[in-house]
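J.: Spelled out from the first residue to the last, the chains are:
Protein chains: 2
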Amino acid sequence: MEISYKNIKVIGFDADDTLWVNETYFRDAELEFAKLLAPYETANKIDQELFKMEMKNLPLYGYGVKGFVLSMVEMALEISNNNVSNTTMNAILNIGKDMLNKPVELLEGVEDVLKEFSKDYKLILVTKGDLLDQERKLEKSGLTNYFHHIEVLSDKQEENYSKLLNHLDIKPSEFLMIGNSLKSDILPLINIKAHAIHVPFHTTWMHEQVKESETNGKAYKTLSSLLELKKVMR
Amino acid sequence: MEISYKNIKVIGFDADDTLWVNETYFRDAELEFAKLLAPYETANKIDQELFKMEMKNLPLYGYGVKGFVLSMVEMALEISNNNVSNTTMNAILNIGKDMLNKPVELLEGVEDVLKEFSKDYKLILVTKGDLLDQERKLEKSGLTNYFHHIEVLSDKQEENYSKLLNHLDIKPSEFLMIGNSLKSDILPLINIKAHAIHVPFHTTWMHEQVKESETNGKAYKTLSSLLELKKVMR
Chain B
1 MEISYKNIKV IGFDADDTLW VNETYFRDAE LEFAKLLAPY ETANKIDQEL FKMEMKNLPL
61 YGYGVKGFVL SMVEMALEIS NNNVSNTTMN AILNIGKDML NKPVELLEGV EDVLKEFSKD
121 YKLILVTKGD LLDQERKLEK SGLTNYFHHI EVLSDKQEEN YSKLLNHLDI KPSEFLMIGN
181 SLKSDILPLI NIKAHAIHVP FHTTWMHEQV KESETNGKAY KTLSSLLELK KVMR
Chain F
1 MEISYKNIKV IGFDADDTLW VNETYFRDAE LEFAKLLAPY ETANKIDQEL FKMEMKNLPL
61 YGYGVKGFVL SMVEMALEIS NNNVSNTTMN AILNIGKDML NKPVELLEGV EDVLKEFSKD
121 YKLILVTKGD LLDQERKLEK SGLTNYFHHI EVLSDKQEEN YSKLLNHLDI KPSEFLMIGN
181 SLKSDILPLI NIKAHAIHVP FHTTWMHEQV KESETNGKAY KTLSSLLELK KVMR
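Chains B and F, in that order, give the protein sequences. So in full-length UniProt numbering, spot 233 of the first sequence is number 233, and the numbers just go up one at a time. So in full-length UniProt numbering, spot 167 of the second sequence is number 167, and the numbers just go up one at a time.
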């Protein structure tokens with residue numbers, strides 16, 4: 001299927017794992033957490049149970065590091081049958097603080113692509129998670145000035161995008177979203193008749209994974225790097 | 001000093017303790033926390049130390065319930081010299097979950113005033129804290145439809161307001177902010193030459209308190225209830 005981008009006026013970029021590394025830090029944190037709780041369970045079981053706990057708490061805590069830390073604390077109490085030590089509790093809090101204090105590591109080609117495309121398009125940043133954490137990461141990234149608007153959403157479903165486009169007075173046909181998550185950055189956009197380009201990151205959080213059947217017949221392109229955007233959009 | 005509101009086109013409402021009860025729940029949580037840690041310290045000392053911990057963590061965690069819970073967990077470890085029980089840890093997590101699950105209790109006159117003023121002004125909601133928590137409270141409040149725009153800020157300083165007014169294309173002279181916090185809802189607005197009306201709540205978080213010298217000579221009105229707004233704005 002030939003996809004035309006000639007009507008695009010505004011490009012939305014996802015942030016975590018599209019502009020900069022994020023999921024890798026969560027994976028590292030999970031590994032560290034599993035090590036701390038090794039006396040009580042296998043690493044694999046701890047991973048599974050932590051994911052279940054995160055999903056249970058998601059409606060209450062939402063996305064982001066703080067909710068993740070609270071879920072680790074709760075999981076540590078549960079999986080140790082209330083035998084976990086206070087030393088481990090302190091270590092869990094520190095995993096979270098370290099995550100929030102991480103430097104921002106830009107992905108390949110990001111600055112190039114933003115510089116190039118900000119000449120001809122309005123660029124906006126569309127991310128989800130902790131408001132303060134996302135603002136801090138953007139500031140650390142040095143990319144703020146490329147963006148006309150920053151939007152931190154509590155979730156990235158069709159309704160959230162429709163509201164955003166309405167608010168910014170953009171027609172779906174004029175909007176292109178670029179991101180690494182099929183579930184959050186691609187499918188909702190295709191479903192509201194906007195455009196989307198998928199740039200996968202090497203690892204995807206289980207919660208963001210979708211079945212192949214959900215992407216069947218959906219009109220979006222997949223690129224292996226943001227740098228290919230120049231070729232595709234020409 | 002006579003203040004004229006005749007140029008006002010947009011009214012911004014703070015949410016917590018302006019439209020609905022919030023600080024009361026934090027006070028209750030602090031009391032409960034102090035009870036849990038009574039074996040280790042006096043209630044007064046625990047209160048003071050928790051506040052210090054919140055201030056230490058504020059740059060990292062920001063405002064809202066999740067950061068508050070993480071600070072309680074850290075404080076419990078510290079004040080007990082790592083002797084706090086896992087039962088107490090569970091109780092602390094539950095304090096936070098209860099806060100997030102609280103029903104929304106509207107303050108006097110809120111619905112009346114919003115209904116009335118939405119006829120002649122654009123109303124926007126301007127709040128800070130956890131994004132998801134604030135969205136959830138707004139939804140529970142049933143007030144969503146009165147607002148033309150919802151803005152959750154990571155902080156409420158002059159710069160945050162200037163950006164917001166810019167983004168919404170509103171001149172400061174056309175904007176009136178209404179809220180309970182002198183520090184967050186009133187002084188930054190006066191300083192950027194917008195308008196502000198103070199409607200105090202019966203209790204104010206220590207972090208939001210300002211010295212009398214900071215309000216000297218600032219042109220804002222104070223009302224004892226939102227209901228007085230009709231008289232003042234006529």
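It should be emphasised that the hints constitute simulated quantities derived from the structure, not laboratory data. One or more hints might be untrue.
Result set (DSS-like, lysine-lysine): computed pairs, CA atoms no more than 25 Å apart in a straight line [said to hold, decoys possible]:
{"id": "1", "chain 1": "B", "residue 1": "Lys122", "chain 2": "F", "residue 2": "Lys163"}
{"id": "2", "chain 1": "B", "residue 1": "Lys163", "chain 2": "F", "residue 2": "Lys122"}
{"id": "3", "chain 1": "F", "residue 1": "Lys52", "chain 2": "B", "residue 2": "Lys102"}
{"id": "4", "chain 1": "F", "residue 1": "Lys221", "chain 2": "B", "residue 2": "Lys97"}
{"id": "5", "chain 1": "F", "residue 1": "Lys140", "chain 2": "F", "residue 2": "Lys6"}
{"id": "6", "chain 1": "B", "residue 1": "Lys102", "chain 2": "F", "residue 2": "Lys231"}
{"id": "7", "chain 1": "B", "residue 1": "Lys97", "chain 2": "F", "residue 2": "Lys52"}
{"id": "8", "chain 1": "B", "residue 1": "Lys9", "chain 2": "B", "residue 2": "Lys211"}
{"id": "9", "chain 1": "B", "residue 1": "Lys163", "chain 2": "F", "residue 2": "Lys56"}
{"id": "10", "chain 1": "F", "residue 1": "Lys140", "chain 2": "B", "residue 2": "Lys56"}
{"id": "11", "chain 1": "F", "residue 1": "Lys9", "chain 2": "F", "residue 2": "Lys211"}
{"id": "12", "chain 1": "F", "residue 1": "Lys52", "chain 2": "F", "residue 2": "Lys221"}
The following residues of chain B were derived to be distant from chain F, with all beta-carbon distances above 10 Å [what the hints assert, rightly or not]:
{"id": "13", "residue": "Lys66"}
{"id": "14", "residue": "Leu70"}
{"id": "15", "residue": "Glu74"}
{"id": "16", "residue": "Lys97"}
{"id": "17", "residue": "Glu135"}
{"id": "18", "residue": "Asp155"}
{"id": "19", "residue": "Lys211"}
Beta carbons are placed, not taken as given, at the ideal position from N, Cα and C, and that holds for glycine.
J.: Each hint should be assessed against the structure and marked as holding or not.
T.: How the hints compare with the structure:
1. At roughly 18 Å between alpha-carbon atoms, B/Lys122 and F/Lys163 fall within 25 Å of each other, so this suggested pair holds.
2. For a cut-off of 25 Å, the pair hint linking B/Lys163 to F/Lys122 stands: about 18 Å separates their Cα positions.
3. Proximity of F/Lys52 to B/Lys102 is assessed by CA-CA distance (about 24 Å); at most 25 Å being required, the pair is judged to hold.
4. As the CA atoms of F/Lys221 and B/Lys97 are separated by approximately 41 Å, the hinted pair breaks the 25 Å bound.
5. Between F/Lys140 and F/Lys6 the CA atoms are separated by roughly 33 Å; this puts the pair beyond 25 Å, and the hint is violated.
6. Straight-line distance between C-alpha atoms of B/Lys102 and F/Lys231 comes to about 52 Å, which puts the hinted pair past the 25 Å bound.
7. With a C-alpha separation of about 17 Å, the suggested pair B/Lys97 and F/Lys52 falls inside the 25 Å cut-off, and the hint holds.
8. A threshold of 25 Å between alpha carbons decides the hint, and for B/Lys9 with B/Lys211 the separation of about 31 Å lies outside it, so the pair is violated.
9. Simply put, B/Lys163 and F/Lys56 have alpha-carbon atoms about 36 Å apart, too far for the 25 Å limit, and the pair is violated.
10. Between F/Lys140 and B/Lys56 the CA atoms are separated by roughly 21 Å; this keeps the pair inside 25 Å, and the hint holds.
11. Only pairs whose Cα atoms come within 25 Å are accepted, and F/Lys9 paired with F/Lys211 is rejected, the gap being roughly 31 Å.
12. As the CA atoms of F/Lys52 and F/Lys221 are separated by approximately 32 Å, the hinted pair breaks the 25 Å bound.
13. With a least CB separation of 4 Å from chain F, B/Lys66 falls inside the 10 Å interface cut-off, contrary to its annotation.
14. In this structure B/Leu70 is not separated from chain F by more than 10 Å, as the shortest Cβ-Cβ distance comes to only about 6 Å.
15. Here B/Glu74 does not stay apart from chain F, with its beta-carbon only about 6 Å from theirs, under the 10 Å limit.
16. Interface exclusion of B/Lys97 from chain F breaks down, the closest Cβ pair being 6 Å apart, not more than 10 Å.
17. With a least CB separation of 5 Å from chain F, B/Glu135 falls inside the 10 Å interface cut-off, contrary to its annotation.
18. For B/Asp155, the non-interface assignment is contradicted: its Cβ lies about 8 Å from the closest Cβ of chain F, within the 10 Å cut-off.
19. Taking the minimum C-beta to C-beta distance to chain F, about 26 Å, the non-interface status of B/Lys211 holds against the 10 Å cut.
The earlier numbered hints that this structure contradicts are 4, 5, 6, 8, 9, 11, 12, 13, 14, 15, 16, 17 and 18.
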